[in-house]
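A.B. asks: Put chain B on the given structure of chain E with help from the hints.
Spelled out from the first residue to the last, the chains are:
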Amino acid sequence: MTRHHALAAGAGLAAVLAALVAGPAAAHTGQGGLAGLTTGFLHPITGLDHVVAMVAVGLWGGILGRPAIWMLPVIFPLAMAVAGAAAIAGVPLAGVETGIALSGIVLGLMVLFALRPPLWVAGLIVGAFAVFHGHAHGAELPAATSPALYAAGFVIATGMLHLSGIAIGYLWRWRSGQVAVRAAGGAIAVAGAAFLTGLA
Amino acid sequence: MTLRAAAAAALLSLAAGPAAAHGGLAGGAGFLSGALHPFVATEHLVLLLGLGLLSGQLPPERRGLGFAAVGLGLLAGLAAGRATGLPAGVIAVAILASACLLGGLVALAPRPLGWAVAPVLAALAGLGVGLDTDLAAPGAPASLGRAAGVVAGAYLIVLDAAALAAWAARPLFAIGVRVAGSWIAAIAFLLLALAISRPAT
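Listed in order, the protein sequences are those of chains E and B. This note's numbering applies: residue 1 is where the first sequence begins, and numbers increase by one. This note's numbering applies: residue 1 is where the second sequence begins, and numbers increase by one.
Next comes chain E alone, as it looks inside the complex:
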């Protein structure tokens, strides 16, 4: 693959993105426009409780290395989608906000102490917390102007936050970087505690 491949692909991707904000196609779910996509995209980003947990998933993946570095950011949106679908179906979930705050605390502590449980345990922890985030997003989805684009927006924003965490997690290979990553984990845990206690 050469640079030209990338340019051609990039141009096509731009067309895809342009199409996402284009007008509706009757008889399909892609009704609505930029507003639905933007609202969905901003939902995880404008909620600091969501942001810190998403970034922590990426950071922890960066510490754990392969295959967790891609498994965790893959498990999260899949579990989130299942919970979001449950919310759409009207299935209640108790303690959503508490679960979201706890996700910041637990995932932040995992990063702070660089804990390395077996992959399946890490996946289970991430998947369990994804349920709370997914339910919170999914509960707002049916009321959205454009539910389909809202869903696309919040899934993409969530994934991009994971990728941001992974990028920061790459600092782990340097000793000073490890200090920075641990510090970020500690800050995330503190933020989660603030959300849990209502201080933030």
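Hints were generated in silico from the structure; no laboratory data involved. Hints should not be assumed to be uniformly reliable.
With beta-carbon atoms standing in for the labels, derived distance ranges [unchecked claim]:
| no. | chain 1 | residue 1 | chain 2 | residue 2 | range |
| --- | --- | --- | --- | --- | --- |
| 1 | B | Gly81 | E | Ala143 | 33 to 39 Å |
| 2 | B | Pro112 | E | Val179 | 38 to 44 Å |
| 3 | B | Ala68 | E | Gly198 | 39 to 45 Å |
| 4 | B | Gly81 | E | Gly186 | 55 to 61 Å |
| 5 | B | Pro60 | E | Leu42 | 36 to 42 Å |
| 6 | E | Leu115 | B | Val90 | 18 to 24 Å |
| 7 | E | Leu42 | B | Leu86 | 47 to 53 Å |
| 8 | B | Pro112 | E | Ser164 | 48 to 54 Å |
| 9 | B | Ala97 | E | Leu42 | 26 to 32 Å |
| 10 | E | Arg66 | B | Gly64 | 26 to 32 Å |
| 11 | B | Ala97 | E | Thr38 | 24 to 30 Å |
| 12 | E | Ala94 | B | Ala83 | 28 to 34 Å |
Computed footprint of chain B on chain E, listed as stretches where at least three residues anywhere in the stretch have a Cβ under 8 Å from a Cβ of chain B [what the hints assert, rightly or not]:
| no. | segment |
| --- | --- |
| 13 | 65-75 |
| 14 | 80-89 |
| 15 | 155-162 |
A few chain E positions that, by computed beta-carbon distances, are all more than 10 Å from chain B [as the list claims (entries may be wrong)]:
| no. | residue |
| --- | --- |
| 16 | Thr38 |
| 17 | Ala94 |
| 18 | Val106 |
| 19 | Pro118 |
| 20 | Val121 |
| 21 | Val131 |
| 22 | Gly138 |
| 23 | Ala151 |
| 24 | Gly177 |
| 25 | Ala180 |
| 26 | Ala183 |
| 27 | Thr197 |
All residues carry an ideal CB built from backbone N, CA and C; glycine is no exception.
C.D. replies: Chain B alone, transformed into the frame defined by chain E:
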């Protein structure tokens, strides 16, 4: 045909406008509306993006069969059209379920895939998109131009996603492709939940 050439050809075909000095405006408009249809029908878009990413993850020598299969499936679906009598809601659910599967394979499947997996899924994806596409554009009769446009638009999505996935073969970027696959599966799953909870009227 290389992936680059195919993607560029599909892109150019979309950019081309109707011949101004001739009476081809209706046909050109039909082509353009057809080409845009896979982009604005969200369930088609996620399905074709998933198929493209999966194709791009394959070794280069194994991509061609899938690319051919999606075209054959599309043509068969467009030809059969609504004559199959399948309700549109059923086809949409099948498309979204297929998109979940494709996204899941992109994200989680061990490599390499069995040689028949991608061509079979490509044929089914093309068939689904073809069956779910009305060749009569709103306010216009069915036309071959619109059918050609649908094929061009679908190929543009598949080839571009494949090109991106192939370009991202290096380990760091390959993580991004897997993550993108999980996004497609998640989005498709949510759309599936919406489609089931709010059946099209």
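A.B. asks: For each hint, tell me whether it holds in the structure or not.
C.D. replies: Hint by hint, here is what the structure shows:
1. Taken as a hint, the range 33 to 39 Å holds for the pair Gly81 of chain B and Ala143 of chain E, whose Cβ atoms sit roughly 35 Å apart.
2. The hinted window of 38 to 44 Å between Pro112 of chain B and Val179 of chain E holds, with their beta carbons roughly 40 Å apart.
3. Judged by the Cβ atoms, the range 39 to 45 Å given for Ala68 of chain B and Gly198 of chain E is violated: they are separated by roughly 60 Å.
4. Distance hint for Gly81 of chain B and Gly186 of chain E: a CB-CB separation of about 60 Å, consistent with the stated range 55 to 61 Å.
5. The hint said 36 to 42 Å for the Cβ distance between Pro60 of chain B and Leu42 of chain E, and at roughly 39 Å that hint holds.
6. With their beta carbons about 47 Å apart, Leu115 of chain E and Val90 of chain B fall outside the hinted range of 18 to 24 Å.
7. Taking the beta carbon of each, Leu42 of chain E and Leu86 of chain B are about 38 Å apart, not inside 47 to 53 Å as hinted.
8. Between Pro112 of chain B and Ser164 of chain E the Cβ separation comes to about 31 Å, which falls outside the hinted range of 48 to 54 Å.
9. Between Ala97 of chain B and Leu42 of chain E, the C-beta spacing of about 29 Å keeps the proposed range 26 to 32 Å intact.
10. Restraint check, Arg66 of chain E to Gly64 of chain B: a C-beta distance of roughly 30 Å satisfies the suggested window 26 to 32 Å.
11. At roughly 28 Å, the beta carbons of Ala97 of chain B and Thr38 of chain E sit within the given window of 24 to 30 Å.
12. The hint said 28 to 34 Å for the Cβ distance between Ala94 of chain E and Ala83 of chain B, and at roughly 50 Å that hint is violated.
13. Given a C-beta distance limit of less than 8 Å, the hint that chain B covers the segment 65-75 of chain E holds, as 5 residues qualify and 3 suffice.
14. Coverage of the segment 80-89 of chain E by chain B holds. Counting CB-CB distances below 8 Å, 7 residues qualify, and the rule asks for three or more.
15. Counting residues of the segment 155-162 of chain E whose CB falls under 8 Å from any CB of chain B gives 4; the rule of at least 3 is met.
16. The beta carbon of Thr38 of chain E sits about 15 Å from the closest Cβ of chain B, which is more than 10 Å, so the claim that it is off the interface holds.
17. The Cβ of Ala94 of chain E lies farther than 10 Å from every Cβ of chain B, with a closest approach of about 20 Å, so its non-interface assignment holds.
18. Distance check on Val106 of chain E: its Cβ is at least 21 Å (rounded) from any Cβ of chain B, clearing the 10 Å threshold; non-interface status holds.
19. Residue-level check passed: Pro118 of chain E sits 18 Å from the nearest beta carbon of chain B, beyond 10 Å.
20. Against chain B, the non-interface label of Val121 of chain E holds: every CB pair exceeds 10 Å, the least being about 18 Å.
21. With a least CB separation of 13 Å from chain B, Val131 of chain E remains clear of the 10 Å interface cut-off, as annotated.
22. A Cβ of chain B approaches the Cβ of Gly138 of chain E within 10 Å, the least distance being about 7 Å, so the stated non-interface status is violated.
23. Here Ala151 of chain E does not stay apart from chain B, with its beta-carbon only about 4 Å from theirs, under the 10 Å limit.
24. Every Cβ of chain B is farther than 10 Å from the Cβ of Gly177 of chain E; the closest lies at roughly 16 Å, confirming the non-interface assignment.
25. For Ala180 of chain E, the shortest C-beta to C-beta distance to chain B comes to about 19 Å, beyond the 10 Å cut-off, and the non-interface label holds.
26. Look at Ala183 of chain E: its CB is around 24 Å from the nearest CB on chain B, clear of 10 Å, so calling it non-interface holds up.
27. No beta-carbon of chain B comes within 10 Å of the beta-carbon of Thr197 of chain E; the shortest separation is about 31 Å.
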